[in-house]
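Top line first, the protein sequences correspond to chains V and U.
Numbering of the first sequence is given in our numbering, commencing with residue 5 and proceeding in unit increments.
Numbering of the second sequence is given in our numbering, commencing with residue 5 and proceeding in unit increments.
Don't take each hint at face value.
Pairs count within a copy or across copies, as identical chains cannot be separated in the list.
What the hints assert, rightly or not - Under the rule of at most 27 angstroms between Cα atoms (straight-line distance), these lysine-lysine pairs were calculated in the BS3-like manner:
hint, residue 1, residue 2
1, K12, K58
2, K176, K12
3, K38, K212
4, K58, K252
By construction, these hints were calculated from the structure, which means they are not laboratory data.
Nothing here was measured: the structure is a model prediction, and the numbers come from that model.
2 protein chains.
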Amino acid sequence: MEDALIDKLTRSLPEGYHTIVGIGDDCAVTQSPKKGELLLLKTDCIVEGIHFEKNAPGKWVGWKALCRAISDVAACGGIPTHALITFAAPSDVSQRRLQSVYLGIERAARQFDIGIIGGESSRSPSSFFLSVTLTGSVLRRHLILRSGAHPGDSLFVTGRLGGSLRRQHHLKFTPRLMEARWLATHIPIHAMMDLSDGLGSDLPRMAKASRTGFEIQPTLLPRTPGCSVEQAISDGEDYELLFAIPPKKEAFLIQQWPFPRLKLTKIGYMTAHPKRSTPLARGYDHFK
Amino acid sequence: MEDALIDKLTRSLPEGYHTIVGIGDDCAVTQSPKKGELLLLKTDCIVEGIHFEKNAPGKWVGWKALCRAISDVAACGGIPTHALITFAAPSDVSQRRLQSVYLGIERAARQFDIGIIGGESSRSPSSFFLSVTLTGSVLRRHLILRSGAHPGDSLFVTGRLGGSLRRQHHLKFTPRLMEARWLATHIPIHAMMDLSDGLGSDLPRMAKASRTGFEIQPTLLPRTPGCSVEQAISDGEDYELLFAIPPKKEAFLIQQWPFPRLKLTKIGYMTAHPKRSTPLARGYDHFK
Numbered sequence: 005m006e007d008a009l010i011d012k013l014t015r016s017l018p019e020g021y022h023t024i025v026g027i028g029d030d031c032a033v034t035q036s037p038k039k040g041e042l043l044l045l046k047t048d049c050i051v052e053g054i055h056f057e058k059n060a061p062g063k064w065v066g067w068k069a070l071c072r073a074i075s076d077v078a079a080c081g082g083i084p085t086h087a088l089i090t091f092a093a094p095s096d097v098s099q100r101r102l103q104s105v106y107l108g109i110e111r112a113a114r115q116f117d118i119g120i121i122g123g124e125s126s127r128s129p130s131s132f133f134l135s136v137t138l139t140g141s142v143l144r145r146h147l148i149l150r151s152g153a154h155p156g157d158s159l160f161v162t163g164r165l166g167g168s169l170r171r172q173h174h175l176k177f178t179p180r181l182m183e184a185r186w187l188a189t190h191i192p193i194h195a196m197m198d199l200s201d202g203l204g205s206d207l208p209r210m211a212k213a214s215r216t217g218f219e220i221q222p223t224l225l226p227r228t229p230g231c232s233v234e235q236a237i238s239d240g241e242d243y244e245l246l247f248a249i250p251p252k253k254e255a256f257l258i259q260q261w262p263f264p265r266l267k268l269t270k271i272g273y274m275t276a277h278p279k280r281s282t283p284l285a286r287g288y289d290h291f292k
Numbered sequence: 005m006e007d008a009l010i011d012k013l014t015r016s017l018p019e020g021y022h023t024i025v026g027i028g029d030d031c032a033v034t035q036s037p038k039k040g041e042l043l044l045l046k047t048d049c050i051v052e053g054i055h056f057e058k059n060a061p062g063k064w065v066g067w068k069a070l071c072r073a074i075s076d077v078a079a080c081g082g083i084p085t086h087a088l089i090t091f092a093a094p095s096d097v098s099q100r101r102l103q104s105v106y107l108g109i110e111r112a113a114r115q116f117d118i119g120i121i122g123g124e125s126s127r128s129p130s131s132f133f134l135s136v137t138l139t140g141s142v143l144r145r146h147l148i149l150r151s152g153a154h155p156g157d158s159l160f161v162t163g164r165l166g167g168s169l170r171r172q173h174h175l176k177f178t179p180r181l182m183e184a185r186w187l188a189t190h191i192p193i194h195a196m197m198d199l200s201d202g203l204g205s206d207l208p209r210m211a212k213a214s215r216t217g218f219e220i221q222p223t224l225l226p227r228t229p230g231c232s233v234e235q236a237i238s239d240g241e242d243y244e245l246l247f248a249i250p251p252k253k254e255a256f257l258i259q260q261w262p263f264p265r266l267k268l269t270k271i272g273y274m275t276a277h278p279k280r281s282t283p284l285a286r287g288y289d290h291f292k
């Protein structure tokens, strides 16, 4: 539903000049300051009552807002550089809470070496709304899109899936920037994205963008302890990486993977049959 | 209040590398794709019930969202290039209304030759939020900041001030892109900004950023017919240009101004005394 609506809304919009990747991928891509490099642009927002509860600690709200965008830049193989922060806050949000949110933003900015260079603020009649714009850079040869998977590619995910909301992981996750950078520079990744809406929504998006199908064994998915297969597929907000590589690179990837504390699981493969993919429960849908 | 709070929130944030202008001006400025050019970044948001009424036509809502950001890029002397659109909509917002909003965005994008290259959408518990990220480019020698005014500079505004909300001008205004481009390329402008919160808020901001004072004759301000001096100063959402030039360029500006249908008014001058400026009623304050 969301994807179809967005398609409809954005179908006739002008694309502009020097646009390398427009609407539909994790980031938009245009020309960049340095030769051989590209500029990544990502915008994202989180809303009180949808992405975080009213009583969620401010510093985790700020952390999440920036880290969601970092996760998208990472999934494109890029390095985040600058961010702009926009918020709209109801008049009953205290200065103390805003300071706490900015503390979380600052912590993420310092940890991932991002400059905060602008923003905007407004009053809001009820919900607290936080929007992040993030720029990034990526060498042209390291840019990874969700649309590049080939039939036969092996599918991998990092970490474990499911239960993110229940265990507050969605507020405190670490975006897989280091891991994505290693993948972009060491493995000929065909397609990658971050799992924000759940594998059940995100894997079909990758397959659709790549014009492939997919075949996975749901019971073999790496699950958060205590989570069912359904939860691993549909809970969403995992912020793990999903990527497709040529099968002959599998052994090399598994041998060389330099992050012993982060699980790496082959979950299946891409197929040539878009209409005969493994049926999956849909992941989190903002419009459901 | 808003400015002081934002100062407090953002004071300790890291600035990042290659940042030419960070928090506090109309746009952020970093390195750009082309030599001698700079990249402008602007983020802005509008919120139902604050910046537009629930019954405002969708196409004007979309137009306003993009044009507010265009107005900021214009005020820096730049040319807008790419935009990303993020919205959060309550479930009772119809698809028809969203399409109407996107039609307004598209109209503005086509009129000002901007590519829409990405965005994000979310559900919202109540208010409808629309956030725009806009990139722009400007030659280094054409970049104009709000902080460059000198004591003695002559202050000008375009158009007429006041009454924007009453007559729906705030939804339908044309950002002064053409005029700002002409100014940036023909006149040695010291400082410029767009009037979004009202002269009573925005002029003190320019003076503060430039470490100057100002002296104006409020009764001589160009007013929208039917507006009082107070309304011209405080209503806000004029989206006209305010700029400071060396007094010896005044005659040249007035002679050469190529927009006969757009009024150009000298409203006063900058002074060396930050604490002895003309007292003005504050303009629109999002947090009041």
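Do the hints match the structure? See the list:
When the C-alpha separation of K12 and K58 is checked against a cutoff of 27 angstroms, the pair qualifies only between copies, where the shortest distance is 23 angstroms, while the shortest distance within a copy is 33 angstroms. For a Cα distance limit of 27 angstroms, the shortest separation of K176 from K12 across copies, 25 angstroms, qualifies, whereas the shortest one inside one copy, 34 angstroms, does not. When the C-alpha separation of K38 and K212 is checked against a cutoff of 27 angstroms, the pair qualifies neither within a copy, at 32 angstroms, nor between copies, at 35 angstroms. Taking CA atoms no more than 27 angstroms apart as the test, K58 paired with K252 passes in neither setting, with 48 angstroms inside one copy and 56 angstroms between copies.
Violated hints, in rising order: 3, 4; the structure is consistent with all others.
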